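A.B. asks: From first to last, the protein sequence lines stand for chains A, B, C, D, E and F.
All residue numbers for the first sequence refer to our numbering, where the first residue is 1 and numbers rise by one.
All residue numbers for the second sequence refer to our numbering, where the first residue is 1 and numbers rise by one.
All residue numbers for the third sequence refer to our numbering, where the first residue is 1 and numbers rise by one.
All residue numbers for the fourth sequence refer to our numbering, where the first residue is 1 and numbers rise by one.
All residue numbers for the fifth sequence refer to our numbering, where the first residue is 1 and numbers rise by one.
All residue numbers for the sixth sequence refer to our numbering, where the first residue is 1 and numbers rise by one.
No wet-lab data here; the hints were simulated from the structure.
Some clues are possibly wrong.
Treat identical chains as interchangeable: a pair holds within one or across any two.
Lysine-lysine pairs mimicking PhoX-like chemistry, simulated, CA-CA at most 25 Å apart [claimed, not checked]:
| # | residue 1 | residue 2 |
| --- | --- | --- |
| 1 | K332 | K85 |
| 2 | K162 | K197 |
| 3 | K162 | K85 |
| 4 | K169 | K46 |
| 5 | K298 | K251 |
| 6 | K253 | K306 |
| 7 | K46 | K246 |
| 8 | K253 | K144 |
| 9 | K194 | K107 |
| 10 | K306 | K85 |
| 11 | K306 | K160 |
| 12 | K160 | K246 |
| 13 | K133 | K197 |
| 14 | K194 | K139 |
| 15 | K169 | K139 |
| 16 | K121 | K194 |
Since the structure is predicted, the reported quantities are computational estimates derived from the model, not experimental observations.
Spelled out, the chains give:
6 protein chains.
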Amino acid sequence: MKLPKEIIEKYREPFISELGNYINSELEIIVKVKSKRLMENKNGQKYLLLTFEDKTGILRAIDWFNAETNDSKVNVGNIIRTSGKVVVYDGRLQFNLLQDSPVIVLKEGEYSIDRFVMEAKRSIDEIMDEIKKLIDSIKNVHLKRLLNEFFERDESFLKKFKSVPAGAKVHHNYVGGLAEHSSTVAQLCDSVCKTYKNLDRDLLIAGALLHDIGKINDYKVTSKGIEITTQGELIGHIVSGYEMVKVKVKKMKVPEDISTKLLHMIISHHGELEWGSPVVPKTPEAYVLHMIENMDSKLNRIFAIKEKELEGNPEKDWSDYDPNLGRRFYLKHELD
Amino acid sequence: MKLPKEIIEKYREPFISELGNYINSELEIIVKVKSKRLMENKNGQKYLLLTFEDKTGILRAIDWFNAETNDSKVNVGNIIRTSGKVVVYDGRLQFNLLQDSPVIVLKEGEYSIDRFVMEAKRSIDEIMDEIKKLIDSIKNVHLKRLLNEFFERDESFLKKFKSVPAGAKVHHNYVGGLAEHSSTVAQLCDSVCKTYKNLDRDLLIAGALLHDIGKINDYKVTSKGIEITTQGELIGHIVSGYEMVKVKVKKMKVPEDISTKLLHMIISHHGELEWGSPVVPKTPEAYVLHMIENMDSKLNRIFAIKEKELEGNPEKDWSDYDPNLGRRFYLKHELD
Amino acid sequence: MKLPKEIIEKYREPFISELGNYINSELEIIVKVKSKRLMENKNGQKYLLLTFEDKTGILRAIDWFNAETNDSKVNVGNIIRTSGKVVVYDGRLQFNLLQDSPVIVLKEGEYSIDRFVMEAKRSIDEIMDEIKKLIDSIKNVHLKRLLNEFFERDESFLKKFKSVPAGAKVHHNYVGGLAEHSSTVAQLCDSVCKTYKNLDRDLLIAGALLHDIGKINDYKVTSKGIEITTQGELIGHIVSGYEMVKVKVKKMKVPEDISTKLLHMIISHHGELEWGSPVVPKTPEAYVLHMIENMDSKLNRIFAIKEKELEGNPEKDWSDYDPNLGRRFYLKHELD
Amino acid sequence: MKLPKEIIEKYREPFISELGNYINSELEIIVKVKSKRLMENKNGQKYLLLTFEDKTGILRAIDWFNAETNDSKVNVGNIIRTSGKVVVYDGRLQFNLLQDSPVIVLKEGEYSIDRFVMEAKRSIDEIMDEIKKLIDSIKNVHLKRLLNEFFERDESFLKKFKSVPAGAKVHHNYVGGLAEHSSTVAQLCDSVCKTYKNLDRDLLIAGALLHDIGKINDYKVTSKGIEITTQGELIGHIVSGYEMVKVKVKKMKVPEDISTKLLHMIISHHGELEWGSPVVPKTPEAYVLHMIENMDSKLNRIFAIKEKELEGNPEKDWSDYDPNLGRRFYLKHELD
Amino acid sequence: MKLPKEIIEKYREPFISELGNYINSELEIIVKVKSKRLMENKNGQKYLLLTFEDKTGILRAIDWFNAETNDSKVNVGNIIRTSGKVVVYDGRLQFNLLQDSPVIVLKEGEYSIDRFVMEAKRSIDEIMDEIKKLIDSIKNVHLKRLLNEFFERDESFLKKFKSVPAGAKVHHNYVGGLAEHSSTVAQLCDSVCKTYKNLDRDLLIAGALLHDIGKINDYKVTSKGIEITTQGELIGHIVSGYEMVKVKVKKMKVPEDISTKLLHMIISHHGELEWGSPVVPKTPEAYVLHMIENMDSKLNRIFAIKEKELEGNPEKDWSDYDPNLGRRFYLKHELD
Amino acid sequence: MKLPKEIIEKYREPFISELGNYINSELEIIVKVKSKRLMENKNGQKYLLLTFEDKTGILRAIDWFNAETNDSKVNVGNIIRTSGKVVVYDGRLQFNLLQDSPVIVLKEGEYSIDRFVMEAKRSIDEIMDEIKKLIDSIKNVHLKRLLNEFFERDESFLKKFKSVPAGAKVHHNYVGGLAEHSSTVAQLCDSVCKTYKNLDRDLLIAGALLHDIGKINDYKVTSKGIEITTQGELIGHIVSGYEMVKVKVKKMKVPEDISTKLLHMIISHHGELEWGSPVVPKTPEAYVLHMIENMDSKLNRIFAIKEKELEGNPEKDWSDYDPNLGRRFYLKHELD
């Protein structure tokens, strides 16, 4: 039996960010252990200091009762289920473990990984609908057939495409990030074609939708977060994306003049050798794809920084220094 | 009396590119002297070898009759009016000066500078209409008023804005180039706002239309081509554009939170310090403006390269190496 | 009533660096709270661990009596007045708060900000005298008038010029730093003119005195230290300095050939695009200003490093690695 | 009938470098037209100035008899067969075309392309023997089988591998260059393994032999010299080499742990992103391959420069500046 | 009396890495004090928390008995001898100082510095033998004599050459590192000469053995680790190595054509100006030396990383990010 | 017999720049042959077109009488003595060789090399006087003695020091350039010490005078211009200057603390590794020397550009683009 989403959502354990609603209540939570430290006071009594986390925040916890037992049972990185009382201590929330409540270490499958990784804000179905509309709008039969071969008929591909992020840290670093990034880039390319009439719209949209698909091999989403795979480190999405498209253009018999230009777009989309493309863009379409793709990656990060900083402090004028983009960002609200 | 454009066009002297229609005819032309060389044959007779040019091409000419007189009268770079016969020699067109036709060196004002500088393909009126529509669509009253102060009421500004190029060599290097570039960038920014809803559209379009206006001080269009002015070398459009906008935001009393963000967009639009912006973009709008502006500059150059190369040889697969963009471009026609 | 400086100095509360003279005495201090931590021992008694700082150093403090009251009253970053006893603990000075002495959080204006920010070693009056002598030595009437318009008649400018630093971290990062840097650079430029006779001394000195004046908009000195303003982040001193000079050259009707060269010096003084100048120096004077300005900035930092390291340990041979200059410095005393 | 090599060699037309042996003789030559210019003397007689070339040098030629006919028959870049007399004029050899000898423009297939492109000094058979010995020495059955699949059984691959150069200009820019470079790199890798015992010799040699095989798609050797193909410009040998190996490892069922490391070596062999590798070497073997491959490329160029310069002038101490390597090379003979 | 190595090894105090064999035993150790902290519990009892280290690892220690006495006696960085009990606490080894065992601070000479610095894995005698064999194989009498002047007759040089490292942090950062690096590079150069016959083998091997000898002035090995000397910071091994060789080539009357090429190899061996060579390699031998030297430095680091990581966790797939080489390394065992 | 300078100057052959005073006269000149071309007119008569040059300019020449004889006698690069008539042809001066005047190729020693290389504008004696005054002003006896050992007692050094340039192309590229550069840098350093009181003036001046002395080994002045020597290419002035000073500090027993700091200044004076210093400046004096030395080098070039451009065209506003400094320079005269 598969429960409806609403039911699951209603009866799930609260997230850390929701515990403010439960002060002085006792309740059960599912969290990841971020750190632990066994302490001892003067007269030899042991207690266990813990930090818990899920995708919504972190939480200080203390176990006064089963410190040594739980210290040996639990490792940093474990996902656990336990009960405790939510209290306020030293101005912050704290979770005091109950005396008679065991700490249960959960195995993969016994908890939803969604508790520990961020997701795209928009639903994946909505994003996939956008992609399908874009494919439907393509006139060139070879490119349309090729795209459908990926987005209509390749179940294994689709499953991964819908779930992987488009980055581990810098941008679109959440479940569904690849789909969201691909769709946004394709939409922007579509807009750009309205201004530059002599761009090949079909080619540009096909390139936009396929440019990052190699990333389905690069990332692994676990309770530990987004990790880069061995395949991702040794080969990388530029080359594995090329290979995925090459296999399908052969299968679908896409004419070589089309397929070569499309494959060129895949491998040149980072724009410069030093950014990891083995060749630079040498067609207008490849050039536009690179520029638009780059803009979406950076904007996704900028908006994420603004959102996170203003959540923390709505009065803040400037973000902290972002080492990735090499600057601080101005946070003041926009014009009305 | 100001003649209608059609009349002027009809009765003007032919361009060099049109001389193929006049083989073996005698006619009058207005050209620039690109090079000259006084020659002497064995028996002491002098003749004058010349190369002429206008914006449509170059032309070999020879003066067998008044070589020494014309050699001392004419300097390289002069604009001249003269008559001759169009012949074919050694597989190319050649212009043989007539014996009894004097060479007249024209002064500025005696010829249309349009013969010697390239122009935007689209009419300047069409471009200005686009700009006006964009201004009309702006909702923020301060920004709309500010833009109208430039584009409606500042005649001196408008005259220059409509005529200067947006570059001396690399991109939009023709009369009307600044207006065309500004309009295209603003339209692309408008499109981008449809995808990223939390961009401040009014601010972005205002920044797009104003970002390069300092260029009216940077370039001087003469019969010698596009030259950089002393002001352009010593100050540059980034700073002089800032100053032009600053003077008007003070006059129009634009609130400081708006004007500072707008001025930041002007000076940060080159995107990186090493590309000449004294500060990098620190708002999403400044970042988008930089990316879009950069894309339009590069695409304008890429399309110009493709057009020029295919004009020369429609069968060519690859452009020559372009030192500015550091690559060759693929010229093959697009998909049907 | 304004007390004489000597009186103020005599009766002021001691600085942290002076507390070694008061061991085992009780006294009152004014300090900034750098960190605090509420602690609890086994039997539930709370105590408050604090770190204090002023411009002369840092100090460990402990409050055994009013821990919770003071913890809720005081925030990190507050300037406080309190009384305690100076003791030696674990080899270092410690300040034990007294039981019956309240901690008073001071507001801006209730304390002298001078306690918390460093100052130039030389008096600001001495520096301003040097600047005036340099202005007096200028022969070109336009430039002399322009400089006097800033340094004689613009009170609001002068007040800021005398107090702001010339940097937040790297060099001249203290009150009076801008004035000191400007004067030193102008003096060095004066010396250089004795060797290179064909430099325009008047122009060079004027450029030296004005090159960094935009920094009066870039920094804000508070008890938190030197902060970069929003204006400093979004516009920066290169462009705002240009604007300040441009406004005054218009007002004073400085001839354009002079003013353009002067303005060029302001915006090109960082020397290279990647160091934030939108144009590179294109006159000998602009080039010299850049080189001398750069040398003074670096030497100011090098001397500050040497001084600070040798203060800490007069026997040290080598400074720690300086990430800003990318090297260690040799500290050994110079030849006698 | 296929003639033996010796016969072909004996009866072939002489190369330009051999014409010094035929002064004042009449003979037939096969050359490429490098330039031509139709001239006219005072009394209207036309003559045709030509420059010929083959892989051994260039030659001035003149046609006094059929200037206009031949001018319209021959284009620059054509390969022609013609007869003339070898003379010495103005200190250099000159070829005077005979009156009654026609100029025949040859089509591809009517001449040996070998006349116009340089070849490796060592015979291709010798090089292939070295490669085979290296393959025989490999112990890992998967890698040995994979290599034999390329070097024993893939005739189409082998034909191209033996003939293409390893570069268009910089190094190994001659027929057989790829084979020579691959063999040399593999031998050096073999040597290196004797010093570093924990390198995986089989993997390293396999990577060395396969690292550049994608170059069979990058270059086209024609009478015009070595040209980069569209495939070479748009995809490049790094990615196409990866693809070639990937297809065969799948076919040969090479275990994934081996094949991934091998494929990583192919795509990382340029060593740095800015040199065109989409990933940097992350195994010791990939690192060694990059270093050795780089060394052989550079040394091949250095030795070619030394040889060419000393051929021109055996007394020369220093080569001309080499823009590719950014220096001059010392040419003095080595120690005895 | 000098004890045999085996005896010294047998009766020495255990290293930290060996303490796992002594759990719950009391024993004497010689360690360096890495950190210390005097603590006090509620009722005023003091205890001293310590961290010890030697070249094999670090160790937590606690002194419950003589905390204040030992706190004032011992400084961070001291080498001490003391006795205690090895216990397991909080999952890690801990060393509890005994009540009646004094802590003795050792002076230089009272302990073996070998306890605190790493050594080459291979014996220095084995390495020196390799070097001698290489020298014996040299045919050029001048170079052989020169090398013997260093490696046979200069005792003071030899003593330092055998003990200094070839780097402080990045590679060969252990006692004997310089000798090991020099020998390995010379052997690789020897191998390379078998492939490139026209390299001058004698010159190359001489350069390889001498290229880094200036490092005997750069490093000082103390119990604190490897430190850079003032000579190393202000002059550096490139220049001081040049000087050392120059003095000896003069003494040995090496002909100038040989010595200049040899000295060029010393100063150009870093390969690029930005890597610290004042000139770039301009002979094939100098170029090869640079490449091989660079490869050995990097490989030494890569193998050290692999070894250390797999020691820590034999199941690990990927090393941590190495900031020096800018990447992670794949750790999976090689093919069988 | 050595003639007084005035006599030599009076009776010397005129320079090319002086020929305007001899139009239509016959006279004898000494020039270098820059190019030659043997021509033939229709009726078979040969004539020889020549270009001559000396340090003051270039000159077109024609030999109508002994074309073939002189063509075979003279090579490009030869210095010749010949007679001819100065005429004006095609608006420029031309030198027509006389029928009965032979062309004499001169050997080294038969002409003054001064005709072909530029010299410092100031007399070398004046420059050496400045240097002596600076040495006299030094208080530290070791440094004074060391400098006198070079500048008073080392005749062989002094002879070279006075004549070599400080650069082949970029700056101080004329006879006496090294002395002029050294003196100017030392004077500027002297000035700088008046502002920064804690600089070690003696050390700084000694470093300034010695920093570039290695250049006496780098350049060779011949009639072909300034050439870099093999020593200059393979070792370079940074290292050879270090060696020269090291030899003398040993001889003069300069204490090591002084000599090490001085030697550090020599090798670090290029300021950055990528500019050829093997170590960066790590003392304030080394840092100042680098900055001042750099400034003088650049200013010398800038002033040379301005002078040369304004000589050519006093009305020019902007110099041509200078590839070495990467910009154009503003040429407008300075303020009065």
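A.B. asks: All hints, please: hold or fail.
C.D. replies: Structure-based check of all given hints:
no., hint, result
1, K332 - K85, "neither (39 Å within a copy, 45 Å between copies)"
2, K162 - K197, "between (32 Å within a copy, 23 Å between copies)"
3, K162 - K85, "neither (38 Å within a copy, 58 Å between copies)"
4, K169 - K46, "neither (38 Å within a copy, 41 Å between copies)"
5, K298 - K251, "neither (35 Å within a copy, 36 Å between copies)"
6, K253 - K306, "neither (46 Å within a copy, 29 Å between copies)"
7, K46 - K246, "neither (61 Å within a copy, 58 Å between copies)"
8, K253 - K144, "within (12 Å within a copy, 33 Å between copies)"
9, K194 - K107, "neither (52 Å within a copy, 44 Å between copies)"
10, K306 - K85, "neither (34 Å within a copy, 46 Å between copies)"
11, K306 - K160, "neither (29 Å within a copy, 32 Å between copies)"
12, K160 - K246, "both (19 Å within a copy, 22 Å between copies)"
13, K133 - K197, "both (21 Å within a copy, 20 Å between copies)"
14, K194 - K139, "both (16 Å within a copy, 23 Å between copies)"
15, K169 - K139, "neither (37 Å within a copy, 37 Å between copies)"
16, K121 - K194, "between (28 Å within a copy, 18 Å between copies)"
In summary, the structure is inconsistent with hints 1, 3, 4, 5, 6, 7, 9, 10, 11, 15 from the numbered list given earlier, while agreeing with the others.
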